[in-house]
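So the chains spell out like this:
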Amino acid sequence: MVDMECVVQGIIETQHVEALEILLQGLCGVQRERLRIHEICLKSGPHLGTVASEVRLLCDLEQAEPSWTVIHAGGAMRGAGAEQISVLVRSMVESKTSKNALRMFYTLGYKLDHELLRVGFSFNFHRGAQITVTVSSINKMLKLHATDEAMPVTPGIQMVEVTAPATAETYAEVASAVSSFCEYLAPLLHLSKPGISTGVVPAAAASLMSDGGGTTL
Amino acid sequence: MDLSKVLDCINNTCISCVMQLSIVDMECVVQGIIETQHVEALEILLQGLCGVQRERLRIHEICLKSGPHLGTVASEVRLLCDLEQAEPSWTVKHVGGAMRGAGAEQISVLVRSMVESKTSKNALRMFYTLGYKLDHELLRVGFSFNFHRGAQITVTVSSINKMLKLHATDEAVPVTPGIQMVEVTAPATAETYAEVASAVSSFCEYLAPLLHLSKPGISTGVVPTAAAAAASLMSDGGGTNL
Numbered sequence: 000m001v002d003m004e005c006v007v008q009g010i011i012e013t014q015h016v017e018a019l020e021i022l023l024q025g026l027c028g029v030q031r032e033r034l035r036i037h038e039i040c041l042k043s044g045p046h047l048g049t050v051a052s053e054v055r056l057l058c059d060l061e062q063a064e065p066s067w068t069v070i071h072a073g074g075a076m077r078g079a080g081a082e083q084i085s086v087l088v089r090s091m092v093e094s095k096t097s098k099n100a101l102r103m104f105y106t107l108g109y110k111l112d113h114e115l116l117r118v119g120f121s122f123n124f125h126r127g128a129q130i131t132v133t134v135s136s137i138n139k140m141l142k143l144h145a146t147d148e149a150m151p152v153t154p155g156i157q158m159v160e161v162t163a164p165a166t167a168e169t170y171a172e173v174a175s176a177v178s179s180f181c182e183y184l185a186p187l188l189h190l191s192k193p194g195i196s197t198g199v200v201p202a203a204a205a206s207l208m209s210d211g212g213g214t215t216l
Numbered sequence: 000m001d002l003s004k005v006l007d008c009i010n011n012t013c014i015s016c017v018m019q020l021s022i023v024d025m026e027c028v029v030q031g032i033i034e035t036q037h038v039e040a041l042e043i044l045l046q047g048l049c050g051v052q053r054e055r056l057r058i059h060e061i062c063l064k065s066g067p068h069l070g071t072v073a074s075e076v077r078l079l080c081d082l083e084q085a086e087p088s089w090t091v092k093h094v095g096g097a098m099r100g101a102g103a104e105q106i107s108v109l110v111r112s113m114v115e116s117k118t119s120k121n122a123l124r125m126f127y128t129l130g131y132k133l134d135h136e137l138l139r140v141g142f143s144f145n146f147h148r149g150a151q152i153t154v155t156v157s158s159i160n161k162m163l164k165l166h167a168t169d170e171a172v173p174v175t176p177g178i179q180m181v182e183v184t185a186p187a188t189a190e191t192y193a194e195v196a197s198a199v200s201s202f203c204e205y206l207a208p209l210l211h212l213s214k215p216g217i218s219t220g221v222v223p224t225a226a227a228a229a230a231s232l233m234s235d236g237g238g239t240n241l
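Taken in order, these protein sequences are the chains called A and B. First residue of the first sequence? That's 0 in numbering that gives the first Met the number 0, and the numbers climb one at a time after it. First residue of the second sequence? That's 0 in numbering that gives the first Met the number 0, and the numbers climb one at a time after it.
In isolation and in its complexed conformation, chain A is listed as follows (with noise of 0.2 Å):
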């Protein structure tokens, strides 16, 4: 069964980020997860009688042995229904790989198109579908994969993103689970499709900021 993903985006000022952790953190009743991804994203064509593929691979640092994972992410899902949808619909395959699956696809005729380090945090959890929001600063390398000399590449803005899971069978439950849930998050940062920016919330953190430590009774 093809894999799929509901996805959406946004952004947030750095100074806001702490009051979304608050929120995300009373939201999911999880433990935040560190994050610190190199990516690396490798394209392949287009040919005569082909079109451009694209893989991603994934570095997670934050691990004490570096885990490798590679990720095909489709076209969206397209016709009335998707319009209808708040959400993205995609295909997506993902693979755990070894380190050297990069000199891989380095054989197999792909080449380096870009590549970035995402440094912030996620919260992976269950409310009505397996959802996962990641809330990170994108990074830019000035040498190749000097991790260590990244550069942001919107300083004082970061990247959320909301993902979720799902099936051919399960997309509309599934994109309705993250839409929900995505409403709870209006007061800090608007979230729509991955493309369609809606910058960010004019008034947001104060409150959330004032109440962050519960309130002594």
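These are computed hints drawn from the structure, not numbers from a lab. These figures come from a predicted structure and were not determined experimentally. From the three backbone atoms N, C-alpha and C, an ideal C-beta is built for every residue, glycine too. Be careful, since some hints might not be right.
With the C-beta cut set under 7 Å, the calculated list includes, among others, these residues of chain A facing chain B [said to hold, decoys possible]: (1) 71; (2) 92; (3) 94; (4) 95; (5) 100; (6) 106.
The following residues of chain B were derived to be distant from chain A, with all beta-carbon distances above 10 Å [said to hold, decoys possible]: (7) 46; (8) 48; (9) 51; (10) 54; (11) 81; (12) 86; (13) 98; (14) 103; (15) 158; (16) 159; (17) 166; (18) 170; (19) 200; (20) 231.
Given chain A, put chain B in place with the hints provided.
Showing chain B alone in chain A's frame:
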């Protein structure tokens, strides 16, 4: 090349190390065939030569091809699933072209580039998604010896089986009944391939009474002396009482 990071990294798992130390992997290979009736004798000989326990082998091999498209060559990868493990483990392997030229012709083993990577079970789906198509699949059943003798050498003795239905490993039937494939491989690099090839050649001489080993694609058939050599080995297989 700045090796400072590599030297700081204990196990070469960081991305800098992976890239900076990305010497192209190579392997030295020879192949041959043996009649199934003589496999037990070969196993006794290998056990004596290698001094290690044999490992049972049951590998589902899926060959995938991509292309060719205009401006590209056909690309082939093999997905290997080790069914002997309690939790089947997957490896993806790309075998490149053989080394060519005068130097290569003087060596009695095939030297070729090779890259392999461990992967999880949905690698097959991943490669299908990337446009690769199933070319063929087979099941190798047998045993292997892995040891060091001038190089890290692996000897694989296996029956090659085909599946009548897609992925139906339980219903596999031998491609060549009564004949098994023997393969001797050793990893190498562009710097070490000459001595690795020499080590493989030297080792193969010990197997000469039972089988001829040559570069893949150059068939030398079975050895006339195999039956006599096997009988001699089998009669002495249990060791000599002093």
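We went through each hint and held it up to the structure:
With a least beta-carbon distance of about 5 Å to chain B, the hint placing residue 71 of chain A at the interface is held under the 7 Å criterion. Hint status for residue 92 of chain A: holds, given a least beta-carbon distance of 5 Å to chain B, under 7 Å. Because the beta carbon of residue 94 of chain A sits about 5 Å from the nearest beta carbon in chain B, less than 7 Å, this interface hint is met. Because the closest C-beta pair between residue 95 of chain A and chain B is about 4 Å apart, less than 7 Å, the hint holds.
A least Cβ separation of about 5 Å between residue 100 of chain A and chain B falls short of the 7 Å threshold, and the interface hint therefore holds. Hint status for residue 106 of chain A: holds, given a least beta-carbon distance of 5 Å to chain B, under 7 Å. Chain A leaves residue 46 of chain B outside its interface by the beta-carbon criterion, the shortest separation being 31 Å against a cut-off of 10 Å. For residue 48 of chain B, the requirement that its beta carbon stay farther than 10 Å from each beta carbon of chain A is met, with the minimum near 31 Å.
At the 10 Å boundary, the C-beta of residue 51 of chain B stays outside the reach of chain A, the nearest C-beta of that chain being 24 Å off. Interface exclusion of residue 54 of chain B from chain A stands, the closest Cβ pair being 20 Å apart, more than 10 Å. Consistency note on residue 81 of chain B: stated as away from chain A, and its beta-carbon is indeed over 10 Å from all of that chain's, at 14 Å minimum. Non-interface status of residue 86 of chain B relative to chain A is upheld: no Cβ of that chain comes within 10 Å, the nearest being about 13 Å off.
With a cut of 10 Å on Cβ distances, residue 98 of chain B stays outside the contact zone with chain A, its closest approach being about 16 Å. The claim that residue 103 of chain B lies off the interface holds: its Cβ sits roughly 20 Å from the closest Cβ of chain A, which is beyond the 10 Å cut-off. Distance check for residue 158 of chain B against chain A: the nearest CB is about 29 Å away, which clears 10 Å, and the non-interface claim stands. For residue 159 of chain B, the condition that its CB be more than 10 Å from all CB atoms of chain A holds, with the nearest at approximately 25 Å.
For residue 166 of chain B, the shortest C-beta to C-beta distance to chain A comes to about 16 Å, beyond the 10 Å cut-off, and the non-interface label holds. The beta carbon of residue 170 of chain B is kept farther than 10 Å from every beta carbon of chain A, the shortest such distance being approximately 24 Å. No beta-carbon of chain A is positioned within 10 Å of the beta-carbon of residue 200 of chain B; the least distance is around 27 Å. Every beta carbon of chain A lies more than 10 Å from that of residue 231 of chain B, the smallest distance being close to 44 Å; the non-interface claim holds.
Checked against the numbered hints above, the structure breaks none of them.
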